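Start from the sequences, fold in the hints, and give me the full structure.
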Amino acid sequence: MTIQTALDRTRRSVIKTALAGLAAAIALPALVRRAVAADAALWPKDAFMQKTEAEAIKALYGKDVEVSDKVKLDAPEIAENGAVVPVSVSSALPDVTSIALIVSENPYPLAASYKLPPGTAGTVANRLKMAKTSKVTALVESGGKIYSASREVKVTVGGCGG
Amino acid sequence: MASTIRVRAVANGDVTEVQALVQHPMDSGFVKDAQGNIIPPHHIEVVDFQHAGKTVFTALWGPAVAKDPYVKFSFKGAQKGDDLSVSWVDNKGESDSLVAKVL
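Just so you know, the protein sequences line up as chains Z and X, in that order. Under this note's numbering, read the first sequence as residues 33 to 194, first letter to last. Under this note's numbering, read the second sequence as residues 678 to 780, first letter to last.
The hints are simulated quantities; they were obtained by calculation from the structure and are not laboratory data. Small disclaimer: the values here were computed from a predicted structure and weren't measured. Where is the CB? At the ideal position from N, CA and C, for every residue including glycine. A few of these clues could be false.
[To be verified] With a cut-off of at most 20 Å between alpha-carbon atoms, the simulated DMTMM-like pairs for lysine to aspartate or glutamate come out as follows:
1. Z:Lys164 - X:Asp759
2. X:Lys753 - Z:Asp127
3. Z:Lys83 - X:Asp759
4. Z:Lys77 - X:Asp704
5. X:Lys731 - X:Asp759
6. X:Lys731 - Z:Asp127
7. Z:Lys177 - Z:Asp71
8. Z:Lys95 - Z:Asp71
9. X:Lys744 - Z:Asp127
10. Z:Lys147 - X:Glu694
11. Z:Lys177 - Z:Glu98
12. Z:Lys90 - Z:Glu137
13. Z:Lys83 - Z:Asp71
14. X:Lys731 - Z:Asp71
15. X:Lys744 - X:Asp710
16. X:Lys749 - Z:Asp106
[Claimed, not checked] Derived coverage of chain X by chain Z (criterion: at least 3 residues anywhere in the stretch with Cβ under 8 Å from a Cβ of chain Z; other residues may be distant):
17. 725 to 738
18. 745 to 751
19. 754 to 767
20. 770 to 777
As structure tokens, then:
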């Protein structure tokens, strides 16, 4: 056997193994994916595309908002990096059905909205981007009414521009 | 390829606390690359968490959610060893999902 044919054989088996691996990689996630699939139609595009806080709240809830000390918003006083600002919301309100977070000075103020079915606690923590120093508002929906709490977060380096 | 989703769900009595981390660029559409071209928006829109065939938490995310998003919440009714399904879909129609065990 020449060195060339030996090399060819090795190459062939390498390609075969690679193809088999690839086929498995494609087939496996397809099976798992059938378990659940997030529905893109749930995304409230209209609310996320609004350019002001008031319009975003109107598009998301279409109701008046009541400032409440029962809504607790945790966010740093000063965020050194606007690209990653930890924000969490909790509340003493009963039967919370949704929580939304708004960063007033962002190009699109609505940052995130969470739907909480019965049995899920009225508390959520996440990380947001902030373009600059801004008011951050938590909206909590309980018993069909919207309650809010806000606080100012100072941003040293913005997280939305280049 | 490894999953883009990392999730840790811990049952403590009746309440299960869930922490999830998703690998995703979450491009806002406002940032420019090194050549000065706008990087188009590319962000997760919906994340669905299901337990026993029912949605327990839905996250609706805009471009202002930080890169490699993190979220924490808690829900009632799961037991240790139960399955928790997580799936996301982004504005380009890309998606991923994972089934994790409640610890």
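Okay, the hints, checked on the actual structure:
In summary, the hint linking Lys164 (chain Z) to Asp759 (chain X) is not supported, as the alpha carbons are separated by about 42 Å, beyond the 20 Å threshold. Using a Cα cut-off of 20 Å, the hinted pair Lys753 (chain X) and Asp127 (chain Z) holds, with the two alpha carbons roughly 13 Å apart. Between Lys83 (chain Z) and Asp759 (chain X) the CA atoms are separated by roughly 42 Å; this puts the pair beyond 20 Å, and the hint is violated. A distance of roughly 16 Å separates the Cα atoms of Lys77 (chain Z) and Asp704 (chain X); the hinted pair therefore holds under the 20 Å criterion.
Restraint check for Lys731 (chain X) and Asp759 (chain X): satisfied, since their Cα atoms lie roughly 13 Å apart, inside the 20 Å limit. Using a Cα cut-off of 20 Å, the hinted pair Lys731 (chain X) and Asp127 (chain Z) holds, with the two alpha carbons roughly 18 Å apart. Simply put, Lys177 (chain Z) and Asp71 (chain Z) have alpha-carbon atoms about 26 Å apart, too far for the 20 Å limit, and the pair is violated. For the hint pairing Lys95 (chain Z) with Asp71 (chain Z), the CA-to-CA distance comes to about 25 Å; that exceeds 20 Å, so the pair is violated.
Straight-line distance between C-alpha atoms of Lys744 (chain X) and Asp127 (chain Z) comes to about 31 Å, which puts the hinted pair past the 20 Å bound. At most 20 Å may separate the alpha-carbon atoms for a hinted pair to count; Lys147 (chain Z) and Glu694 (chain X) meet this at roughly 16 Å. Of the pairs offered as hints, the one joining Lys177 (chain Z) and Glu98 (chain Z) holds, with about 8 Å between alpha carbons and a cut-off of 20 Å not exceeded. For the proposed pair Lys90 (chain Z) and Glu137 (chain Z), the alpha carbon gap of about 17 Å is at most 20 Å, so the pair holds.
For the proposed pair Lys83 (chain Z) and Asp71 (chain Z), the alpha carbon gap of about 25 Å is over 20 Å, so the pair is violated. Between Lys731 (chain X) and Asp71 (chain Z), the direct Cα distance comes to roughly 14 Å. Compliance with the 20 Å bound is thereby established for this hinted pair. The suggested pairing of Lys744 (chain X) with Asp710 (chain X) holds, with an alpha-carbon distance near 16 Å, which does not exceed 20 Å. The suggested pairing of Lys749 (chain X) with Asp106 (chain Z) holds, with an alpha-carbon distance near 14 Å, which does not exceed 20 Å.
Counting residues of the region 725 to 738 of chain X whose C-beta sits closer than 8 Å to any C-beta of chain Z gives 10, which meets the bar of three, so the coverage hint holds. For a cut-off of 8 Å, the count of residues in the region 745 to 751 of chain X with a CB near a CB of chain Z stands at 6, and the three-residue condition holds. For the region 754 to 767 of chain X, the stated coverage by chain Z holds: 6 residues have a C-beta nearer than 8 Å to a C-beta of that chain, and at least 3 were required. Note: the region 770 to 777 of chain X has 6 residues with beta-carbon separation from chain Z under 8 Å; the three-residue rule is met and the coverage holds.
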